[in-house]
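Enquirer: Protein chains in written order, with UniProt numbering: chain A, 1 to 396; chain B, 1 to 396; chain C, 1 to 396; chain D, 1 to 396.
For the record, the hints were derived by calculation from the structure and aren't laboratory data.
We put the CB at the ideal spot given by N, CA and C, even for glycine.
Honestly, I wouldn't trust all of these hints.
Unchecked claim - Anything over 10 Å on all C-beta distances counts as not near chain B; from chain C, calculated: (1) 53; (2) 317; (3) 381.
Unchecked claim - Here are the in silico distance ranges between beta carbons for each label pair: (4) 152(A) to 76(D): 39 to 47 Å; (5) 202(B) to 243(A): 49 to 57 Å; (6) 52(C) to 147(A): 36 to 44 Å; (7) 391(A) to 214(D): 31 to 39 Å; (8) 202(D) to 229(C): 37 to 45 Å; (9) 391(A) to 67(D): 48 to 56 Å; (10) 150(C) to 225(B): 48 to 56 Å; (11) 148(C) to 152(A): 27 to 35 Å.
There are 4 protein chains.
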Amino acid sequence: MAELRASVMTAAGKETVVLAYSGGLDTTCILAWLRDSGHDVVAFCADLGQGDDMDEVRANAEKIGAKHVVIRDLRREFVQEFVWPAVAAGAIYEDRYLLGTALARPLIARELLATAREHGATSVSHGATGKGNDQIRFELACLALQPGIKEHNFHVPATPKAPWSIDSNLMHTSYESGVLEDPAHAPPPELFQRTRHAHAAPDTPLEMEVDFSQGVPVRVSCQGRAITDPLEMVEFLNQAAGEHGVGRVDVVENRVVGMKSRGVYETPGVTILYHAHLDLECMVLDREVRRLKQYLATRFSEQVYGGLWFSPECEFTRKCLTESQRLVTGSVRLRLSKGNVEILGRSSPSSPYNQDLVSMDVQGDYTPEDAEGFIRITAVRLAEHMRVKAAAGVDG
Amino acid sequence: MAELRASVMTAAGKETVVLAYSGGLDTTCILAWLRDSGHDVVAFCADLGQGDDMDEVRANAEKIGAKHVVIRDLRREFVQEFVWPAVAAGAIYEDRYLLGTALARPLIARELLATAREHGATSVSHGATGKGNDQIRFELACLALQPGIKEHNFHVPATPKAPWSIDSNLMHTSYESGVLEDPAHAPPPELFQRTRHAHAAPDTPLEMEVDFSQGVPVRVSCQGRAITDPLEMVEFLNQAAGEHGVGRVDVVENRVVGMKSRGVYETPGVTILYHAHLDLECMVLDREVRRLKQYLATRFSEQVYGGLWFSPECEFTRKCLTESQRLVTGSVRLRLSKGNVEILGRSSPSSPYNQDLVSMDVQGDYTPEDAEGFIRITAVRLAEHMRVKAAAGVDG
Amino acid sequence: MAELRASVMTAAGKETVVLAYSGGLDTTCILAWLRDSGHDVVAFCADLGQGDDMDEVRANAEKIGAKHVVIRDLRREFVQEFVWPAVAAGAIYEDRYLLGTALARPLIARELLATAREHGATSVSHGATGKGNDQIRFELACLALQPGIKEHNFHVPATPKAPWSIDSNLMHTSYESGVLEDPAHAPPPELFQRTRHAHAAPDTPLEMEVDFSQGVPVRVSCQGRAITDPLEMVEFLNQAAGEHGVGRVDVVENRVVGMKSRGVYETPGVTILYHAHLDLECMVLDREVRRLKQYLATRFSEQVYGGLWFSPECEFTRKCLTESQRLVTGSVRLRLSKGNVEILGRSSPSSPYNQDLVSMDVQGDYTPEDAEGFIRITAVRLAEHMRVKAAAGVDG
Amino acid sequence: MAELRASVMTAAGKETVVLAYSGGLDTTCILAWLRDSGHDVVAFCADLGQGDDMDEVRANAEKIGAKHVVIRDLRREFVQEFVWPAVAAGAIYEDRYLLGTALARPLIARELLATAREHGATSVSHGATGKGNDQIRFELACLALQPGIKEHNFHVPATPKAPWSIDSNLMHTSYESGVLEDPAHAPPPELFQRTRHAHAAPDTPLEMEVDFSQGVPVRVSCQGRAITDPLEMVEFLNQAAGEHGVGRVDVVENRVVGMKSRGVYETPGVTILYHAHLDLECMVLDREVRRLKQYLATRFSEQVYGGLWFSPECEFTRKCLTESQRLVTGSVRLRLSKGNVEILGRSSPSSPYNQDLVSMDVQGDYTPEDAEGFIRITAVRLAEHMRVKAAAGVDG
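Based on the provided sequences and hints, a complete structural model is requested.
Expert: The structure is reproduced here in structure tokens:
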């Protein structure tokens, strides 16, 4: 990795700091504080599709006194370098959360560090608080990529997050804190920003086909339209899923720091991709390969959730998962209807699915006697176990 | 295990055979054949809630010439000894199939063998064909429980299963073969027997609460009604889920014999329990315990699918899984709406969820500085890895 | 857990502190410092078989000014509650280290807390430094057992540990730091305290038999002597193994904090037990049970190494491992010779080993045709894979 | 895969058969039988370093009537394509067996099939009996590589194998059956062919250094000699290990068919490599990468033992394992002494071992306060667990 240029000290003690700036109240306070402390502040804002007006963000930062404002449209990198690998892995944390926030953090950290290098800054700042996952994800990524970096983590005296706090990007919107902290109570209906409730979804389902190549989505076809651009695909799927009520979950999850927290997520488009990919993968992958892959995918999900994208184990796991997807090429037809992703059919040029072999009506490569042999061999262990337990006087 | 009584040979060469009899065409042919071969046939039929008229089954078997007809209502054993452990385990094969058929086979085999012992029979017969999972599950269970048993597996020259073949019990109905063998084509709408399509579900959702004790459902409360009997719970949930379009999946799966096959399943009530249990478990189990439990549950699902319920490894796994559920006690409120099981809230007396601890607004047991320490320690490995890669000239 | 009695404050600000006291320089300094700070100090020393003169330890602590000196002989608890479960688990960290230090820490912490409760102390002190594993193991155990406990971790300005540092107990002696920090250089021969070098071992091997019940050693028989007392067994095995050069390893391992460190270990007696147990377990456990058990044992080793004995996951894992050992009963004959533990034979009343079945000379429960069937069924997946790869134009 | 040429039928019904011919009694009988049945027999013998006189094997086969005799020196392929990957994986079955026979089978099968293609043969024959692993390994490999191949497995009426049966190749010699079938009795001293007993080893140890590149041995340096040729390395190590009593194990293992069997193995040279590789790997691999790698290596060992080298899962696992070894480059110094492989030191250009970081005497990248933070964060889960158990009235 290229070495950080010597810190640009424009005056005695004056340091250039790159701040991960969102435009919100917290990071605006930090910006002001850094400015007042005599630092040159570079406000860095990543556009990950969160829907903010970036002109406004820029104007705001300049008004508060940022020396430079860097706004990077990272949506494409986000999709191709982070979301696609997660889709190909079938990544899902604790069986339900598709990791929309966790996947964005390493990208922001990487680009923040790149901005620091460009501006000769030796420190970076952010506003993530100490109890959640974000501080951990953000700082682990920074320390992994640039061990000597100085990090300022400002613990802005938070006004209670009311009614709840939100994080949003192209992939998902998450909600936590505030009224959501009581896990016994359902989130209020007005919370959801991107998806209708299943009941409010149109009565007419929407049918589409998703094509994958080596585990990665390459085309969405719907109502005569074919989309192949990654960013457009996600945007189209988000719109369709939102309309049809797809992608909500409400979970209690285990945070990195070990406590349990309640999160509500809307992951519209990628929920479709999750189901489509799972269906194709089961069609294509050999049983035993999939079992190994599933083990690795679970580890991958834990790594990503834990802020360990840039760790040696996550690097290794990603390579193995990529290798596992070599044959996962094909198409899945599905239907969105009232919150459901209904699989209608799938096909693949590289699937071991063999209609002749599977048919009960056709004799295959092996005979019923082979099955008997298989059973008798498999039963050797089982019978011995019963014998041993009886001999040892041990029951079930 | 009690020893099999000496085979009752009522005449030279005449043997008593217990036949797993369903009342269908295949097993009726086998009964006739066995009778014609001079055997005394005991027709055994397990009532697992498949919905057949058992009087008719009995009359039919007697008409064909069964010496005895044994009809056992095993629905309660099925729920308590097989379905409940699967719910507590969160058992799901290849991420989608809830194992409704696989869970029934070991029970049928066990009771068939008990019937054989009661009638002094040395052999058992069934009609499962060699390409599917059922022969393997059935015969493995028999050989495990009674290694010396003689098994007759009749390969009745099958008339092509058209339009598809069905297996049904209290927990689920499965469909395969026939028109379903082309995985690219959706199942015809008229196939489904137990669930409405999501679109046809009522506009008014149905809210209920499910209580678990140590991972096992103990009460369902809905519209002022409280059900605590296991069998009634499943029946109620089946009815509710069916009405609201819950429980359909369409998958390509890996059969025990290694080929891929397409299966369509309706598992109405247990789909509700699967989601409710998952939600409560995530609320209650320590993160690391759940990771270990998840590993074991995946193995359990593979074992059950593979016909290995009565194997040493499944025995061991069940004990570990039971141990894992010690604290999984609490309630889940949910809503059925248009095919969706929507979790509304959960509570538990034994959950580490700690509203004070998790709140962003309250200072907890540890400080932001602790989080910094945690991050710096965790980053030691990560930074060393970057250093080593740079030194070794290896990239990502 | 019994609540801690209210802290005994004998005077304003005066607090009772329990110090984990070893008698060495570091903890003596801490004792003096605590005394000078006006605390009532209870010096707690655990006798784990480290071989120190406990009268001297007591006299020393009293001389420095400990208000109470508590010396507990914990050797028996150590063997039965910590070493035996590790032997039954086959616990080994990173394939080589038998965890002698890691197993002792939770016991010391538990008894230190008990002493604190007895003396109405609200805080405990120790001298473990921040870079190694001991601080982490010690403090995690304390915080797990008594979350509110105050811990003083004194970072005594260490004089460089020369030539190396030592930790010793009944199970093992470990050496690290100092000249050992260069992993390219062999430890000096004079370092080893408990074992001869293999070359210096007697020319006459020593034969013995070890009996296990449910995975735990219950008798050692050697040269007409039979030992059944756990403590005596370990002491006898230590002496025999030391004499015959058994139990040395020299490793680079991964510390809890993520750095690599070099450790040299002498684990004389338990090395014999490790090999004997492994041999018996492989004789007894079903193949698939052992695979699951091996997974859990690896996790257990990581948990123990990481100071997580009193964690929910370690509690769960121990229960599963105990369950796995239900049938691991039998005897192993072995010979110590020149550093080697040579297995001579094994027998068990509960083993599925079946001489009739295994013999190539005897026809067993299944025929060569069964094996053919097994093979053909198993090959279905393999052949399909080759077909798919060829069709997809993908190679190896 | 190249298609099999049309079967060469030299006369009506006359078929060309390739026989895996060892020169021993069993395969000689099969050759005679095939010849008498009117087949053209191609006798194929793989030289894997088993030490037979290949001229004699050829003369014998010709005398009995083989139409062609094909003798292939596969020692180099064996080392590079099969032994090296196993060394790099650290493959070991059930913690003790280094897989010497299992690794040779897929190579023999592959070359047998190549010979069949060259001679236009449609069937292959071998003499492996149905109870052991060899039939399964051999036939699975053949069916995987060439699904349509006809296999003749001759069950030669075996004269009891007395005093034991032997399989030998460059990597190891295995012994089973006969007097070894009683696992309570030690193998007779005269059984061992390649290694001295530890007691009979020279009093002077032998020191050497082994260099690895990406997990694979690339040089052995010993007494001024440097060997870099793979075949020569193995031969040299075999000789040295044999002389110094290294490489014997005596185990009860689980065969593929589910029964337990007793095996005695001599694996001289590769035992050295196993230990050296383990040592280097622990020095180099990140902790978490090694945990993932260890999981995969255990699966790999099971796959290889089970005859599944040419399976999709083994292909996948090998690729992952290869990836894991990218940084496993460096040197290990060791000493053979009286049956022991004693590690003396190791070094690597790509190790995260960091003498400055690990030293107790030097302040590193993090402070004792960081460790406190790490501990407090880690303890959050533990304390919550204790709280929950107390609240739920559940004990340990």
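Enquirer: With reference to the structure, classify each hint as holding or not holding.
Expert: How the hints compare with the structure:
1. 53: Nearest chain B Cβ is 37 Å from residue 53(C), so the label holds.
2. 317: Not fine: 7 Å to the nearest Cβ puts residue 317(C) too close to chain B.
3. 381: Since the minimum Cβ distance to chain B is about 4 Å, residue 381(C) lies within 10 Å and the statement is violated.
4. 152(A) to 76(D): 39 to 47 Å: For residue 76(D) against residue 152(A), whose Cβ atoms are near 60 Å apart, the range 39 to 47 Å is violated.
5. 202(B) to 243(A): 49 to 57 Å: 22 Å, violated
6. 52(C) to 147(A): 36 to 44 Å: Because 42 Å falls inside the window, the suggested range holds.
7. 391(A) to 214(D): 31 to 39 Å: Taking Cβ atoms as reference, residue 391(A) and residue 214(D) lie about 50 Å apart, which means the hint is violated.
8. 202(D) to 229(C): 37 to 45 Å: 40 Å, holds
9. 391(A) to 67(D): 48 to 56 Å: Once the Cβ atoms are compared, 54 Å apart, the range 48 to 56 Å for residue 67(D) and residue 391(A) holds.
10. 150(C) to 225(B): 48 to 56 Å: 53 Å, holds
11. 148(C) to 152(A): 27 to 35 Å: Holds, at about 32 Å.
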